[in-house]
Amino acid sequence: MSSKGGTALSRRNYRLASDTDKPKVTGIVNEKLLSDYLHHVFPASSKQGPASAAYRKTLTFQDLGAHLEKLLAEDNVTEDSRDQIEGCLGPSTVVLDHSSGFEGLLFVDDDLLGVIGHSNFSSIRATTCVYRGKWVYEVLISSQGLMQIGWCTLNCRFNQEEGVGDTPDSYAYDGNRVRKWNVTTTNYGKSWAAGDIVSCLIDLDEATITFCLNGQSLGVAFSNIKTGPGVAYFPAISLSFKESVAFNFGSRPLRYPVEGYLPLQSPPTTDLIKATRLLGYLKAVLSTSIDTQEDKLVERDSGSWQIQGDPTILVTLAHIFNHFAPLMCKVYLVEDVLMNFLLGILEGGGSVDEHPLIQQLLDLFWLLMEDHEVSECLKQLMMSLLRAYRFSPIIPDLGEASRYIFLNKFRKFLQENASNRGNPTVLCPPEYMVCFLHRLITAIRSYWDEGKRKSPGSINSEDAYVPPQLFYNGKVDYFDLQRLGGLLSHLKKTLKDDLAAKANIIIDPAEIQATSMDDLDEDEETGAAQRPSGAVAMGGALARPSWLSSPTLGRANRFLSTAAVSLMTPRRPLAPPEKVKIRTLAVEQRTEEDIEGSHGNDGLLLGRPIEEPDQPITEKSLLEILDGVVMMYNLSVHQQLGKMVVVSDDVHEYAVALKDTEEKIARCPSRRADILDELQKSQKVFAEKLNHLSRRLAWINATIYSKEKMLDVYWLLRVCIRTIEHADSTGSLFAFMPEFYLNVAMNSYSALKNYFSPSNCMEELPGYEDTLTQLAAILAKHFADPRIVGTDIKDSLMQALASYVCYPQSLRAVERIPEEQRMAMMRNLLAPYEQRPWAQTNWILVRLWRGCGFGYRYTRLPHLLKTKPEDANLPSLQKPCPSLLLQRHMAELLSQDKDMAAMFLNSVLNQLNWAFSEFIGMIQEIQQAAERPERNFVDTRQLKVCATCFDLSVSLLRVLEMTITLVPEIFLDWTRPSAELLLRRLAQLLNQVLNRVTAERNLFDRVVNLRLPGLESVDHYPILVAVTGILVRILVDSDKQGWPSFSLRMLR
16 MSSKGGTALS
26 RRNYRLASDT
36 DKPKVTGIVN
46 EKLLSDYLHH
56 VFPASSKQGP
66 ASAAYRKTLT
76 FQDLGAHLEK
86 LLAEDNVTED
96 SRDQIEGCLG
106 PSTVVLDHSS
116 GFEGLLFVDD
126 DLLGVIGHSN
136 FSSIRATTCV
146 YRGKWVYEVL
156 ISSQGLMQIG
166 WCTLNCRFNQ
176 EEGVGDTPDS
186 YAYDGNRVRK
196 WNVTTTNYGK
206 SWAAGDIVSC
216 LIDLDEATIT
226 FCLNGQSLGV
236 AFSNIKTGPG
246 VAYFPAISLS
256 FKESVAFNFG
266 SRPLRYPVEG
276 YLPLQSPPTT
286 DLIKATRLLG
296 YLKAVLSTSI
306 DTQEDKLVER
316 DSGSWQIQGD
326 PTILVTLAHI
336 FNHFAPLMCK
346 VYLVEDVLMN
356 FLLGILEGGG
366 SVDEHPLIQQ
376 LLDLFWLLME
386 DHEVSECLKQ
396 LMMSLLRAYR
406 FSPIIPDLGE
416 ASRYIFLNKF
426 RKFLQENASN
436 RGNPTVLCPP
446 EYMVCFLHRL
456 ITAIRSYWDE
466 GKRKSPGSIN
476 SEDAYVPPQL
486 FYNGKVDYFD
496 LQRLGGLLSH
506 LKKTLKDDLA
516 AKANIIIDPA
526 EIQATSMDDL
536 DEDEETGAAQ
546 RPSGAVAMGG
556 ALARPSWLSS
566 PTLGRANRFL
576 STAAVSLMTP
586 RRPLAPPEKV
596 KIRTLAVEQR
606 TEEDIEGSHG
616 NDGLLLGRPI
626 EEPDQPITEK
636 SLLEILDGVV
646 MMYNLSVHQQ
656 LGKMVVVSDD
666 VHEYAVALKD
676 TEEKIARCPS
686 RRADILDELQ
696 KSQKVFAEKL
706 NHLSRRLAWI
716 NATIYSKEKM
726 LDVYWLLRVC
736 IRTIEHADST
746 GSLFAFMPEF
756 YLNVAMNSYS
766 ALKNYFSPSN
776 CMEELPGYED
786 TLTQLAAILA
796 KHFADPRIVG
806 TDIKDSLMQA
816 LASYVCYPQS
826 LRAVERIPEE
836 QRMAMMRNLL
846 APYEQRPWAQ
856 TNWILVRLWR
866 GCGFGYRYTR
876 LPHLLKTKPE
886 DANLPSLQKP
896 CPSLLLQRHM
906 AELLSQDKDM
916 AAMFLNSVLN
926 QLNWAFSEFI
936 GMIQEIQQAA
946 ERPERNFVDT
956 RQLKVCATCF
966 DLSVSLLRVL
976 EMTITLVPEI
986 FLDWTRPSAE
996 LLLRRLAQLL
1006 NQVLNRVTAE
1016 RNLFDRVVNL
1026 RLPGLESVDH
1036 YPILVAVTGI
1046 LVRILVDSDK
1056 QGWPSFSLRM
1066 LR
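Residue 224 in the numbering used here is what sits at position 209 of the sequence shown, and the numbering runs on without skipping anything.
Honestly, the hints are just simulated from the structure, not real lab data. Being a predicted model, the structure only gives us computed values, none of them experimental. Quick reminder that beta carbons are idealized off the backbone N, C-alpha and C, glycines included. Just so you know, not all the hints are guaranteed correct.
So the derived label-pair ranges between C-beta atoms look like this [as the list claims (entries may be wrong)]:
(1) E477 to N925: 45 to 53 angstroms
(2) K894 to P684: 44 to 52 angstroms
(3) T457 to R687: 53 to 61 angstroms
(4) N170 to N229: 31 to 39 angstroms
Construct the entire structure; sequences and hints are all you get.
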């Protein structure tokens, strides 16, 4: 026998007879017993008349094919064509008319039976109409919004305002408003909900239309409808934006058939009879066993049936499935025959695990059906179950059986949402994502802790993290998401030696493919060489019986060949390779073994780096779900949490407006009744809106921003921190980590600090200070990490660190990180500004100094104190909180490293020269535009850039003030080679600033006096006090230390 059948399965030993045994047996069991068995499974029909066992023809496998064909042909009936059915016109397959029979914008499913409204009020009709008789179709309500379902004629013309039921020859039922529509409207029926089935019945003989809800008649809705020559009615629907339904015109069995009414699409009668009869044969096999010792057939309970490799039974089943498998690709037969059979097994109650026959049947399908048949059958079966139970209460199951199916579906879900972020119409609604995230976190932590109880050596959920090998071993698909070190293909090339040395793995897809083909050839040659000895061990040569060569039994051939060879060929011992070759697997390519591993394969944990502890973490499937949760937070959840905060702002605005209106009412003169009336109307509107928003805010605080949800986000933050720490310890392999882990760490901390209500204070979270310190260490180390190459993620890290040092608690956390890390952070901040983003770096240094400089203790500029800030929570508007510790580190570095000090200060002076020159050039253009007679308006973007250049100039001056205060010898100790040059450059720049700012009636004065919106921060005070601070420190320190004297005349 050939071994070309795929991976062999472990089956019970069985013996195939050789040709020398034919006088005694026929193929597998003796001739009489086989004939009795086949006649029992495939009995003659009643049309042939009963035949006693003594006179009926002997039946063997050679004759079974013809016998089965004859049985199935007996009940063939002529399919009802659309022309033979009186009263119906149109294609035999009834679908929605997406080519011409619609109005508005709609999304129609691939099967042309489901529809989603995507405009104000969209309408669509079916491709088939009826003009005589009684007809019915069903609609599954997927959303309970505004829809009108019913019938219309071809003459009906719909638009964005008028739909089914709004024209004379159309009739509709609206379960949202509980009304019926035919130009006019009256109360009718019951309110529908998502998951309900609406049956639409039309009786053209009696001229009536009736609707049913979940099989219960709502009564005749319309009578005396228009009928006669030229009048035919189409199923039709009108629905508003984002409402959705699914039609069933008869392509599937009706959920609630009505006696006397026909579906618009005829059922496949012949195929249905065949499938029912074949299912009966299958049941007979399941309930009958062959007792070869007693030579008799034994009835048994089909619930205990198992696939045991008995050739007689397998070949019998192969004959059945040769006809049954193609039928199971049709949705009507799957739903009416197969699904009802499987559900019948569960009628006694209990879970699927308590009914092993279902698992055995699914194994049988996999064994005896072609791949495309199995795929289509299971697809139709799943869709039928979904339609039947989509809206039923289901308890989620993350158990062993379903977890791997969920993993692949979950990964596909993430991929679709990651690749379609710019197309919100196909994304999962963010509100659902928030709910989904919290449910998943609850499930993960529950199963994680349950695993901890079973395996005490693993870690608990409080210490959960994602191990770094998931990021490079190819077991988890991260699609095209950016890695910290750049493109994955680039990292595989540049870090392949590091992967081999640290993780003991080799990534070479071309080599893997070649190796796999060599291994397959080697397996075949080895199997062929070992077959003779295997045959002797089984007691004789293996001869293929003639009946086994039938092409119709190819499925059984493959199984029997594979099973026999697996019994004969011992498994070769596998020596562990020095290096494990891996490749990136797509979601649909993975198996359970790729996740959990087996025979020395670590699955998801393949390629453990030497820095990673050799300790069990948890079930590997939970690690991938946890990784997906982090990705999901990055894709949508954080943005949705931020949107919810807007409701609080709206409440505040309406409260202020209401208070202002009430004050106006109190001041309104009694003689101005007209004004009082308008004010009272406004008061009522504001009060109603405030009441509505207040209720919504209370709901948001109780559900979205609750303590429990806050703890979930906090747990996710700690997961990301631990994951980053573990990945960082791997050295160069840290570059494989996806960027979204750092994004989620920063964003989840921002959400905890800014989004959750004041009643849920972040300081009360367990381990809050330690978490702040860990996050501070990550920001301090990685904002200048050379392993991170992405510009966006580097900017995000810099901005996060800049925000971190603006608040006292987080700044203290930065001061708590180890001194070595603090010094490294300050060294990176003091690197030359050229050829890198320097504005945020300069801002960080300014925040470390703010509160110590000359006239630099203000939160807002003095001339802006009377105005209301747009957002008081901005980092730039926080009270000064200088860090003396970090200032001391800065002084040590600049004092000890003279070269670094010179390069840093030269870069600061260069940037100051550029920023102030740009500022002066822009205010000249603004002044010229303001003085033109045509009064051209200045571009707001130009004003914003001008204000930014001014703010940069002030911040650079403050850094110079900070430097000369902490380390005055850089400028004043002329034993330093660069001191004199730096002091001269500083004096020239200060002179330039003072000349431009302090001259009477100069350009700066005129622009400041214009008070243009966008230039509020441009004023004399901030820049002059910064210059004054520098001059004062130079004067004081030059006198104090005895360095060469400095006078104001040097500025001339």
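Evaluation of the provided hints:
1. E477 to N925: 45 to 53 angstroms: 50 angstroms, holds
2. K894 to P684: 44 to 52 angstroms: 45 angstroms Cβ-Cβ, so the 44 to 52 angstroms window holds.
3. T457 to R687: 53 to 61 angstroms: 60 angstroms, holds
4. N170 to N229: 31 to 39 angstroms: 32 angstroms, holds
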